[in-house]
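Undergrad: Sequences listed follow chains A and B, in order.
Sequential numbering from 1 applies to the first sequence in the working numbering.
Sequential numbering from 1 applies to the second sequence in the working numbering.
Simulated from the structure, these hints should not be mistaken for lab results.
Treat each hint with caution, since some may be false.
Stated by the list, open to error - Covered stretches of chain A (in silico footprint by chain B; criterion: 3 or more residues with CB under 8 Å from a CB of chain B, positions within the stretch not fixed):
| no. | region |
| --- | --- |
| 1 | 324–331 |
| 2 | 371–383 |
Claimed, not checked - Which chain B residues stay away from chain A? Per the calculated CB distances, all over 10 Å, these:
| no. | residue |
| --- | --- |
| 3 | 70 |
| 4 | 91 |
| 5 | 94 |
| 6 | 112 |
| 7 | 116 |
| 8 | 143 |
| 9 | 193 |
| 10 | 195 |
| 11 | 202 |
| 12 | 209 |
| 13 | 251 |
| 14 | 252 |
| 15 | 255 |
| 16 | 301 |
| 17 | 339 |
| 18 | 343 |
Glycine included, C-beta positions come from ideal geometry on N, C-alpha and C.
Next come the chains, spelled out residue by residue.
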Amino acid sequence: MTSPEERRDARYDVPLDVPGPGAEPARRNGHRRVTAPSARPAAPVEPDTSADEPGTPAGSAAPGPAAHRPTAEKTVAKKTVAKKTVAKKAVAKKAVAEPAPVSDAPAGDTPPGPAVADRPGDHWDRKVAQGLAFLRRRLAGDYEVDEFGFDPDLTDAVVHPLVRLLYRDWFRTEVSGIEHVPAEGAGLVVGNHSGTVALDALILSTALHDRHPARRYLRLLGADLVFRMPVVSEIARKTGGTVACNPDAERLLGNGELVGVFPEGFKGVGKLYSDRYKLQRFGRGGFVSAALRTGTPIVPVAIVGGEEIYPMLADIKPLARLLKLPYFPVTPTFPWLGPLGMVPLPSKWLIEFCPPIPTAHLRDSADDPLVVFNLADQVRETIQQTLHKLLERRPDPFGP
Amino acid sequence: MTPGDTSGAPGVVVVTGVGRWLGAHVAARLAADPRIERVIGVDPAPPNPELADLLTDVERVRLDLDSLGGLLADLDVDAVVHLALVTSPDPQQGGRSAMKEQNVIGTMQMLAAAQRAPRLRKLVVRSSTAAYGVSFRDPAVFTEETEPREVPRGGFGRDILDIEGYVRGFRRRRPDVTATVLRFAPFIGYAADTTLTRYFSQPVVPTVFGRDPRLQFVHFDDALEVLHRSVAEDHPGTYNVAGPGVLSLSQAIRRAGRVAVPVLEPGLAGVAAIARSLGFGRYGLDQVDLFVHGRVVDTSRLEREFGFTPRSTAAAFEDFIRAHHGGVVVTRDQLAAAERLVLESIRQVRSTVRERS
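Looking at chain A on its own, in the form it has when it is part of the complex:
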């Protein structure tokens, strides 16, 4: 009786339990595609939005006969409100029609027994109360902003859920090597930039926050053009970004933050589709000297998938100069389809974090151009090779 919607939703997630002997082997990046077995008697599933953040254990598994209890199944509620109410009604009806075997339900955070019928309602109560409390906090100004303008309250409640929809459901992102990102202390995450519109930065920071056991925030460094634009600059600062300059990078690293940087800059974002996955020049290597000065390990990260979201076929340079932009893109959909051309193509994304490169022993060489360039080259090579490796794993850019 599982509705098709729910089945579709239960596709991608990290297995939380050990899969049974007959289970499909996990893919090597730790993700597996979980198909809801249709032969199994349908179990009422609770749309628990605590699963909105992948990685957190769902509030409770679906109560069902023990022999058929799904090992790795977990519902991921990501539906619109309308869909959720449908699911809620379905659950309520199911619960009324057939009393669920309560004894089998694992002791979760929701009480078992007759509370089953009330569960969806309670859940929504909690949701609404949380939403209202958030609204009240925002309207009263009861939240904290750090000296860079980072607003964790807003980032957690609004920005991450939106980007989560994009990276998890639209781009079907697979993340690997998350264990290479330090759990505490400073770290400099260096990635390849792509995609005409720099969505990869947002996706990297949200995916890192969701998948990392310590739930770390990635503090992105952006070009000054980002901070020139109204609205964009506001969002950039509130989500933890700041201007890419050495004082800010060193201050963040000195505070023990995880800093994300894309040394290619606009050269990477604004390259043509024919140049996809070819790393551009890394500038002066300012990011390396910031890491050296603070003794911070550098974590290279390769991002595959960003190049296909807005394949840039041409760059109208005079128009770009007129609008004071670094490039003016022409993609198969933009500017022909107008606002519809802003919808990114649903490419398949793979993100791999590489082993960190320690720099603590090179602290005194922060001003030595030879050391800086060598280290920048090492980072660049690592990213480029990982990109090739990931591309082999993903033969079809728009595959599943």
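Given chain A's structure and the hints, the job is docking chain B onto it.
TA: Frame of chain A, contents of chain B only:
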């Protein structure tokens, strides 16, 4: 303590700008300090009647800054505290040209007089965090070493850059004088009356569309404490004086219970000019730039050298809100009540629906 002693509190102190709020309070505070023998207040204009009570222990001299030289020599002055700065043009007192005259020419005259004063050993100059200028490439947090990347558009910011330039020249010529430059964040507090406090006291507050600048304030009492310590103790160098922590403008407006009205940036300077000419507020390019870029400074040097931490920006702002609750549009209690009401009504509707089904 004898006048002319080489360490500790000075004997004779001259305070400029005692006709203004800050100058009067600093002079009164120094006069109350038993370590300081004489406090002489200098101002070309008679002080505000409200401030006159403060200045009972202060010897007042009505004097232009260009004739300060004679006074410094005659009275064997040990320290000069220069506070005679105008932060925004006042149309009633000559507007921008008078402001520049006062800020830049006045400081030059004061420094010329100080350079010739043989017994002078301490100079404290009020500056502002506007000294960092505004640019989109600025780092998020300014330390005292940060150089301004672009000259600010606003008159006050430009004056501050000039003033600091002249003080640097003075330091070179008189290395024996302990020169302290204090870069203050905007003042705020229960009693402070500045362009910014008037801005936040309005019920409807204009902001720049798409920008949410990070702001820092310093509580007026903490500013007095820092000025007092820099006269009574020796702290050569330049210091940022601000409350630790940051408020974003939207957050500050919400905490004050006001309503923000975003205005598009291109027309804002013009709107501000029209408002100024009509007599509403005195917002200039200084304020517009602040509301686009924001300004946050690092105060660790102040905390280290002065052994004093000003109360946080949020606490200073809280103190201001308590004193200016007149124009509040939305209060925290109203919001909490609304939240309860909505939750209650949802529960009621749900329970009735459930009973029926």
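Undergrad: Now, for every hint given, state plainly whether the structure supports it.
TA: Going down the list of hints, with the structure as the test:
Only residues whose C-beta sits within less than 8 Å of a C-beta in chain B count toward coverage, and the region 324–331 of chain A has 0 of them, not enough to reach three; the restraint is violated. Evaluation of the coverage hint for the region 371–383 of chain A: breached, as 0 residues show C-beta separations to chain B shorter than 8 Å, against a requirement of three. Its beta-carbon lying about 46 Å from the closest one in chain A, residue 70 of chain B satisfies the requirement of being farther than 10 Å from that chain. For residue 91 of chain B, the condition that its CB be more than 10 Å from all CB atoms of chain A holds, with the nearest at approximately 31 Å.
No Cβ of chain A comes within 10 Å of the Cβ of residue 94 of chain B; the nearest lies about 35 Å off, and the non-interface call holds. For residue 112 of chain B, the condition that its CB be more than 10 Å from all CB atoms of chain A holds, with the nearest at approximately 36 Å. With a cut of 10 Å on Cβ distances, residue 116 of chain B stays outside the contact zone with chain A, its closest approach being about 39 Å. For residue 143 of chain B, the shortest C-beta to C-beta distance to chain A comes to about 7 Å, within the 10 Å cut-off, and the non-interface label is violated.
Against the 10 Å criterion, residue 193 of chain B stays outside the reach of chain A, whose nearest CB is about 23 Å from its own CB. Listed as outside the interface, residue 195 of chain B is consistent with that label: its C-beta sits roughly 21 Å from the nearest C-beta of chain A, beyond the 10 Å cut-off. With a closest Cβ-Cβ approach of about 17 Å to chain A, residue 202 of chain B is found to remain outside the 10 Å limit, as its non-interface label requires. Not every CB of chain A is more than 10 Å from the CB of residue 209 of chain B (nearest about 6 Å), against its label as outside the interface.
At roughly 4 Å from the closest C-beta of chain A, the C-beta of residue 251 of chain B falls inside 10 Å, breaking its exclusion from the interface. With a closest Cβ-Cβ approach of about 7 Å to chain A, residue 252 of chain B is found to fall inside the 10 Å limit, against its non-interface label. Remark: the non-interface label on residue 255 of chain B conflicts with the geometry, its nearest Cβ contact in chain A lying 4 Å away (cut-off 10 Å). Remark: the non-interface label on residue 301 of chain B is consistent with the geometry, its nearest Cβ contact in chain A lying 14 Å away (cut-off 10 Å).
For residue 339 of chain B, the non-interface assignment is contradicted: its Cβ lies about 5 Å from the closest Cβ of chain A, within the 10 Å cut-off. Taking the minimum C-beta to C-beta distance to chain A, about 6 Å, the non-interface status of residue 343 of chain B is violated against the 10 Å cut.
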